[in-house]
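Quick note on our numbering: the sequence shown kicks off at 37 and runs consecutively.
Treat the hints with care, as some may be off.
Just the calculated beta-carbon pair ranges, DEER-fashion [what the hints assert, rightly or not]:
id, residue 1, residue 2, range
1, 260, 218, 34 to 40 Å
2, 202, 298, 46 to 52 Å
3, 122, 168, 18 to 24 Å
4, 122, 262, 35 to 41 Å
5, 269, 207, 42 to 48 Å
6, 196, 300, 32 to 38 Å
7, 168, 193, 24 to 30 Å
8, 142, 290, 20 to 26 Å
9, 324, 294, 22 to 28 Å
10, 240, 260, 30 to 36 Å
11, 205, 97, 22 to 28 Å
Here are the simulated SDA-like pairs of lysine to any residue, each with C-alpha atoms no more than 25 Å apart in a straight line [claimed, not checked]:
id, residue 1, residue 2
12, 121, 104
13, 166, 194
14, 211, 172
15, 211, 308
16, 211, 183
I should point out that these hints are in silico values taken from the structure, not numbers from a laboratory. Owing to the predicted nature of the structure, the values given are computational and were not obtained by experimental measurement. Think of the CB as a built atom: it goes at the ideal place given N, C-alpha and C, for glycine as much as any other residue.
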Amino acid sequence: MARRIDVTGAGGVHLAAWEFADPPKAEDPARPHGDRPDPDRSFPGVLLLHGLMGRASHWASTARWLSDRHRAVALDQRGHGQSDKPPQAAYTREAYVEDAAAAIEQLDLGPAVLIGHAMGALTAWQLAAKRPELVRGLIICDMRASALGAASQREWADWFKSWPVPFATLADVRKWFGEDDPWVERPNPARGEFYAEVMHEGADGWRPVFDPDQMLKSRETWVYDAHWEELAQVPCPALVVRGVDGELGRAEAQEMVRVLSKGEYAEVAEAGHLLPYDRPEAWRAAVEPFLDRVGE
Numbered sequence: 037m038a039r040r041i042d043v044t045g046a047g048g049v050h051l052a053a054w055e056f057a058d059p060p061k062a063e064d065p066a067r068p069h070g071d072r073p074d075p076d077r078s079f080p081g082v083l084l085l086h087g088l089m090g091r092a093s094h095w096a097s098t099a100r101w102l103s104d105r106h107r108a109v110a111l112d113q114r115g116h117g118q119s120d121k122p123p124q125a126a127y128t129r130e131a132y133v134e135d136a137a138a139a140i141e142q143l144d145l146g147p148a149v150l151i152g153h154a155m156g157a158l159t160a161w162q163l164a165a166k167r168p169e170l171v172r173g174l175i176i177c178d179m180r181a182s183a184l185g186a187a188s189q190r191e192w193a194d195w196f197k198s199w200p201v202p203f204a205t206l207a208d209v210r211k212w213f214g215e216d217d218p219w220v221e222r223p224n225p226a227r228g229e230f231y232a233e234v235m236h237e238g239a240d241g242w243r244p245v246f247d248p249d250q251m252l253k254s255r256e257t258w259v260y261d262a263h264w265e266e267l268a269q270v271p272c273p274a275l276v277v278r279g280v281d282g283e284l285g286r287a288e289a290q291e292m293v294r295v296l297s298k299g300e301y302a303e304v305a306e307a308g309h310l311l312p313y314d315r316p317e318a319w320r321a322a323v324e325p326f327l328d329r330v331g332e
């Protein structure tokens, strides 16, 4: 069961946080006796941060296995999911970071392990650098530290305009994003499912739950700026994970590991940018040993 918890973010923006399983219990008869946690042990908090256009539900499978040993909470970031999308709200790096800090503090998760995908990973390492007392560990999934350049922003603006909205059915959503989208190199059903989760039905069909203009505004903060300096300021253990076919190249990922004071590296074969979503078992195998170490 998913349980919604309300959080007040920067500037009073209302955010939806989701706990996708009951908090771990000290005694669970389904576990082998030797695997039962110490009843006096507190469970480390984990905050999961989705990427641009994503939502907390994309972390559901990860949050469920995490909940065996952690209190795992996923946040709908501002402008996404069921969180507020006010037109005049700030969609700045500072606002996203302050929202994540507010979630940790208001939900009493700290010091938490931060797990971020893409934009959420950038938010996570900026928070770890700015508020190290809130963070015990960090997982960066498929996010670059270098600037992408203005051409990338123009490509995204054109891509949003190419979406054939409204979609008549969710099946049309799945087919377009999984097969027909010109950005898809080969059929990818998981990608279609990913985007189906960020659509809602209106009178004329299915449209995204987010405002594309707000997404472009949010994206400006890493299109035009590099974030190596904040990465170097992260004091906690950090794991950089990339999909072999994702957007973060091996050379840049390994340089990110070098820049981090306590950096580690992992990659997932036959996985693209959405690797926690479309390769959940391989993703778990890549990150669970790190989580076991930093959660002790």
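Hints, one by one, checked against the model:
Restraint check, residue 260 to residue 218: a C-beta distance of roughly 25 Å breaks the suggested window 34 to 40 Å. Between residue 202 and residue 298 the beta carbon distance is about 47 Å. The supplied range of 46 to 52 Å therefore holds. In this structure, residue 122 and residue 168 break the distance hint of 18 to 24 Å, their C-beta atoms being roughly 30 Å apart. Taking the beta carbon of each, residue 122 and residue 262 are about 29 Å apart, not inside 35 to 41 Å as hinted.
Take residue 269 and residue 207: their Cβ atoms lie about 46 Å apart, and the range 42 to 48 Å holds. About 35 Å separates the C-beta atoms of residue 196 and residue 300, a value consistent with the hinted range of 32 to 38 Å. For the hinted restraint 24 to 30 Å between residue 168 and residue 193, the CB-CB distance of approximately 36 Å leaves it violated. Between residue 142 and residue 290 the beta carbons are some 36 Å apart, a value that contradicts the proposed interval 20 to 26 Å.
Remark: the range hint 22 to 28 Å for residue 324 to residue 294 is upheld by a beta-carbon distance near 24 Å. For residue 240 and residue 260, the hinted distance range of 30 to 36 Å is satisfied, since their beta carbons lie about 35 Å from each other. A hinted range of 22 to 28 Å holds for the C-beta pair residue 205 and residue 97, which are about 25 Å apart. In summary, the hint linking residue 121 to residue 104 is not supported, as the alpha carbons are separated by about 33 Å, beyond the 25 Å threshold.
Our distance criterion of 25 Å between C-alpha atoms is broken by residue 166 and residue 194, whose separation comes to about 34 Å. Annotation: proposed proximity of residue 211 to residue 172 is violated, straight-line Cα distance about 41 Å (limit 25 Å). Annotation: proposed proximity of residue 211 to residue 308 holds, straight-line Cα distance about 18 Å (limit 25 Å). The suggested pairing of residue 211 with residue 183 is violated, with an alpha-carbon distance near 31 Å, which exceeds 25 Å.
Consistency note: the structure conflicts with the earlier hints numbered 1, 3, 4, 7, 8, 12, 13, 14, 16.
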